[in-house]
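Q: Each chain is listed here by its residues.
2 protein chains.
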Amino acid sequence: MDLDFIKTITKPAETKIVLIVIDGLGGLPQEKDGFTELETAKTPNLDKLASESICGLQQPVNTGITPGSGPGHLALFGYNPIKYQVGRGVLAALGIGFDLKPGDVTARGNFCTIDENSKVLDRRAGRISTEKNQELCKLLRSIELPDVEIFVETVKDHRLLLVLRGEGLSAKIIDTDPQEIGKKPLEPKSLSSEAAKTVGLVKQFLEQTKDVLADHSPANMVLLRGFSEKPNWPTMDKAFDLKSAAIAAYPMYRGLARLLGMDLLETGKTIEDEFTTLEKSLDDFDFFFLHVKGTDSAGEDGDFDRKVNVIEEVDKEIPRLTSLNPDVIIVTGDHSTPSLMKFHSWHPVPLLLWSKICRADNVKSFGERACITGGLGPRFPAEDLLPLALANAKRLEKFGA
Amino acid sequence: MDLDFIKTITKPAETKIVLIVIDGLGGLPQEKDGFTELETAKTPNLDKLASESICGLQQPVNTGITPGSGPGHLALFGYNPIKYQVGRGVLAALGIGFDLKPGDVTARGNFCTIDENSKVLDRRAGRISTEKNQELCKLLRSIELPDVEIFVETVKDHRLLLVLRGEGLSAKIIDTDPQEIGKKPLEPKSLSSEAAKTVGLVKQFLEQTKDVLADHSPANMVLLRGFSEKPNWPTMDKAFDLKSAAIAAYPMYRGLARLLGMDLLETGKTIEDEFTTLEKSLDDFDFFFLHVKGTDSAGEDGDFDRKVNVIEEVDKEIPRLTSLNPDVIIVTGDHSTPSLMKFHSWHPVPLLLWSKICRADNVKSFGERACITGGLGPRFPAEDLLPLALANAKRLEKFGA
Chain A
1 MDLDFIKTIT KPAETKIVLI VIDGLGGLPQ EKDGFTELET AKTPNLDKLA
51 SESICGLQQP VNTGITPGSG PGHLALFGYN PIKYQVGRGV LAALGIGFDL
101 KPGDVTARGN FCTIDENSKV LDRRAGRIST EKNQELCKLL RSIELPDVEI
151 FVETVKDHRL LLVLRGEGLS AKIIDTDPQE IGKKPLEPKS LSSEAAKTVG
201 LVKQFLEQTK DVLADHSPAN MVLLRGFSEK PNWPTMDKAF DLKSAAIAAY
251 PMYRGLARLL GMDLLETGKT IEDEFTTLEK SLDDFDFFFL HVKGTDSAGE
301 DGDFDRKVNV IEEVDKEIPR LTSLNPDVII VTGDHSTPSL MKFHSWHPVP
351 LLLWSKICRA DNVKSFGERA CITGGLGPRF PAEDLLPLAL ANAKRLEKFG
401 A
Chain B
402 MDLDFIKTIT KPAETKIVLI VIDGLGGLPQ EKDGFTELET AKTPNLDKLA
452 SESICGLQQP VNTGITPGSG PGHLALFGYN PIKYQVGRGV LAALGIGFDL
502 KPGDVTARGN FCTIDENSKV LDRRAGRIST EKNQELCKLL RSIELPDVEI
552 FVETVKDHRL LLVLRGEGLS AKIIDTDPQE IGKKPLEPKS LSSEAAKTVG
602 LVKQFLEQTK DVLADHSPAN MVLLRGFSEK PNWPTMDKAF DLKSAAIAAY
652 PMYRGLARLL GMDLLETGKT IEDEFTTLEK SLDDFDFFFL HVKGTDSAGE
702 DGDFDRKVNV IEEVDKEIPR LTSLNPDVII VTGDHSTPSL MKFHSWHPVP
752 LLLWSKICRA DNVKSFGERA CITGGLGPRF PAEDLLPLAL ANAKRLEKFG
802 A
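Those sequence lines, one after another, are chains A and B. If you count the first sequence from 1, position 166 lands on 166 in this note's numbering, and the numbers rise without skipping. Just remember that this note's numbering sits 401 ahead of the position in the second sequence, which is counted from 1.
I should point out that these hints are in silico values taken from the structure, not numbers from a laboratory. There may be inaccurate statements among the hints.
What follows is a set of in silico ranges between Cβ atoms, one per label pair, in the way DEER data are often shown [unchecked claim]:
1) Gly703(B) to Asp33(A): 39 to 49 Å
2) Pro503(B) to Ile181(A): 55 to 65 Å
3) Leu725(B) to Ile181(A): 36 to 46 Å
Examples of chain A residues lying across from chain B (beta carbon under 7 Å, computed) [said to hold, decoys possible]:
4) Met1
5) Leu28
6) Gln30
7) Val61
8) Gly64
9) Gly70
10) Lys342
11) His344
12) His347
13) Ser365
14) Arg369
15) Ile372
16) Pro381
Glycine is no exception: its CB is placed at the ideal position from the N, C-alpha and C atoms.
Turn these sequences into a full structure, and let the hints guide you.
A: Spelled out as C-alpha cells, the structure:
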C-alpha cells in the first residue's frame, strides 16, 4: 500500500503490535503426500493462536518471485520491496553491521586474481579464507585518498566492503566487475556527471590496490559491484506513527531495522532470550520485530528435522507472548526456505494475525495447507500486512466521511 | 506481472513447461444444483493430476470481464491483455493465417449495402455467403494504388481483410464504418500527421471499390474498421528466455503464437495428433502451448454433451503427457464458454499447475467448485501464471539479496 496514503490516516494509540518473523518459515513436504516442516512440527500453542486468528498465506514480492532477505522483510514492514530496493553495497554494509552515514558511498568488493596483462583469471581469488581476507583488508587500509575517509571491511571469504566518506560523493558508478574471466576489470565509469569526483577517487583506490596486492596472488586485485548509498526512506515512525524496536541477533536484520529507524534492542543468542527482551521492553515501544533465524539456516542446510525443532522451540515461547497481552500478534516468515530445496523459494508463507477484533476464520492449525482457506487468502500481499496490523491496533482513522 | 521486471531475473535451464489450453474450458450447470461440463466429465487422469498439483480458478483479464480469444491467450502467455492489445485488423489477419510483415497496415472490412445517395442500408450486405465474398475479393484485387502492394482477403461471410504494404504507412486512421444505417460511410481520417499518406491511399482504394462493386448489390461497398499494425512486442524468448512452440490447428491461435515468436509445429486434426506432435518435439523447445479447440466450439453451439466428450478425450491423453516427464504441466482454458450461454463468459477458469515442487493443496478433482479452495485461490490473475511456471521450472533468480 502506498505509504503517502497510509500516512494520511494514521493516528496515535497506546496499543502494541508484535511481529514474529520465523525466517524461511514456509516449506515443502520431503516426499509426495508428506507434510511440510511446519505441518510436521508439534505446535499446540501456535495452533491455538491460529484458531483465534485470521490466517492466510502471504507473498513478499509477487507470485513466483523468490525474495531475498531484504525484500522479504521490507514487505513485512509495509514497504513495497520493488519500490524500496537496497543496493548491494548497502546490503553488505548492513550485513556486517557497518554504520553507514548519509552521503557515504559503498560498494561490495571481491578479491580476484589477475594475470600479468591484468586480465581476470578468477573472479573470487580461489575463494580465499576469511582470515586471509582480514589480513589483506588491513593492508588496503593503508591507502589514502584526498579529502575522503576510506573504510575497507571484511565480509566473508573473498568478499569485502568499501566505503568512501566525504563531501560531494555520488554512487552513480557502474560495476568494475567484468562478470567473466579473460577480461580486464572495467574502468570505473560514472552514470552521471555528479559522480565525476567519486569516479576519480575510485580509480585512485584501485590503482593503489593493484600495487598493494601485487605480491598477494591469488588475491592480487579487487572487483567492485553495486555502488550505492544509504537510502533516505521514511522511518517506521514517520510512515506509520510507530515507535519501533527490533529484537534480532544477526547484523543483516539489525541493519535493515536500523535503516527504517527502529531501535535495536540488546538480546541474547537463544529464542528464549529474544522473548525475554520483548518482555522487558514492552512498555517502551509500539511495534516489535522479533526475528528467529534458525529456521532459515536449517532450511538452507537441507535439515528438515532441525527446522522442525526450531519451529517447536518458537511454539514453546508463545504462551509467554500471549500473557503479555499485546493488542496485535503476527506470526509469519520473510519467505519460504524448503529443506527440500536448500534455498529460499517463492512459495507463499503461512501467516496468522491475532487481535481481539481480527474476525477469526475457520483455520484451526498453523500450516501451509491449513492456511489456504484462511480469511487472508492464499496469496496475501505481504506489504498490506502492516496496514492491517495498524487497523487491528486501532491506529488508522476512517477514510472519507 | 511487468515483463521488464521478470526479464531481470530469468535464467536459462534445461527444464520443460507444457501448457494445455482447453479452449472455453469453464462452464455452468445446465440446471440448479447440477454439474458443469468439467464436473460432469469423467476425468480420472486430470483428477489424479489435480491431486498432485496446486489448483485454483484464474481470470484472464479481470473480475467480470469476458475475454476474447486474443486476451485470453495473451494472459496465459504472461502478457497483460489490457497493456498488450491487438488491433481488429491484426486479429483478422491472424485468424486467416495471413503473414503480416512489420510496417503493414491492416484493417478489417465488411461488405455492406449503400443506396443511390451512398447511405448505408445494411452494414453486413445481407450477410452474403463466404463464396460470394471470395468472388468479390477477387474483383477488388484488380485495384491498384501507387507505391503500395494491396492484399484483399476473405475472412468469412461478409467479413474481409485489407492489407497495405509499402514504405511510410501508418495505421493511425479512424474507422470508416459509421456504426449505424442511414448514414454515409465516414471519410478516412488520420489521427496523426504521419498517417496523411496512408489516408490518401485508403481514400483511393474506397473510391475504386465503389466503382468495382457498383453492380454487385447488396454487396456494393466496403466499410473498414480497426486499422492496425503488427505489434512489436517482446517475444517469449526475449521476455522469458523460453524457446517456445505452439501445437494448434486453428489459424487464429497459430497467428497469436507467431506474434510472440513461437515456432509453429505441424500437427494433425485430432487431440491425439496434437499430443503425438508434443511427444516428437519435446527435446527441441522449453515451452509448449498445446491448444484444444473442440470445447469452445461445443460450448458456443450450446452442446453440453459434446463439450463433456471433448474434455474426456483430453483426459485420455494425460497419461501420455505425464509419461514424458515434463518439469511443469499446466492445464486450464483461455476463458469459460458455458454451453448454457452459448458464448464466452467472465467466469474464472479451472487451473492446475503440476511440478515436483509445486506444493500441492487439498484439491482432489479438477472442476470449477473443487478448485475454489485451491492454493492459487478462486481469482488467480492469469498473467501471473507464466512467472509461476518459470519459478517451478527453476528459471527465475532470487530477487534481491
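Q: Each of the hints needs a verdict: does it hold here or not?
A: Now the hints, each set against the structure:
The supplied range of 39 to 49 Å is met by glycine 703(B) and aspartate 33(A), whose beta-carbon atoms lie about 41 Å from each other. At about 39 Å, the beta-carbon gap between proline 503(B) and isoleucine 181(A) misses the expected band of 55 to 65 Å. One distance hint, 36 to 46 Å for the beta-carbon pair leucine 725(B) and isoleucine 181(A), holds here, with the actual separation near 38 Å. Residue-level restraint check for methionine 1(A) is violated (minimum Cβ-Cβ distance to chain B is 18 Å; threshold 7 Å).
Against a cut-off of 7 Å between C-beta atoms, the interface hint on leucine 28(A) holds, since the closest Cβ of chain B lies about 6 Å away. Taken as an interface hint, glutamine 30(A) does not check out: its beta carbon lies about 11 Å from the nearest beta carbon of chain B, beyond 7 Å. Checking valine 61(A) against chain B by beta carbon gives a least distance of about 6 Å; that is within 7 Å, so the hint holds. Taking 7 Å as the C-beta cut-off, the interface hint given for glycine 64(A) holds, the closest approach to chain B being about 4 Å.
Below 7 Å, beta-carbon pairs count as interface contacts, and glycine 70(A) has one with chain B at about 5 Å; its hint therefore holds. The beta carbon of lysine 342(A) comes no nearer than 12 Å to any beta carbon in chain B, farther than 7 Å, and the hint placing it at the interface is violated. Look at histidine 344(A): its Cβ gets to within about 6 Å of chain B, closer than 7 Å, so that hint holds up. A least Cβ separation of about 5 Å between histidine 347(A) and chain B falls short of the 7 Å threshold, and the interface hint therefore holds.
Among the interface hints, the one on serine 365(A) is violated; its C-beta lies about 13 Å from the nearest C-beta in chain B, farther than the 7 Å criterion. With its C-beta approaching chain B no nearer than about 6 Å, arginine 369(A) sits inside the 7 Å limit, and its interface hint holds. Annotation: interface hint on isoleucine 372(A) holds; nearest CB of chain B at approximately 5 Å, less than 7 Å. Among the interface hints, the one on proline 381(A) is violated; its C-beta lies about 12 Å from the nearest C-beta in chain B, farther than the 7 Å criterion.
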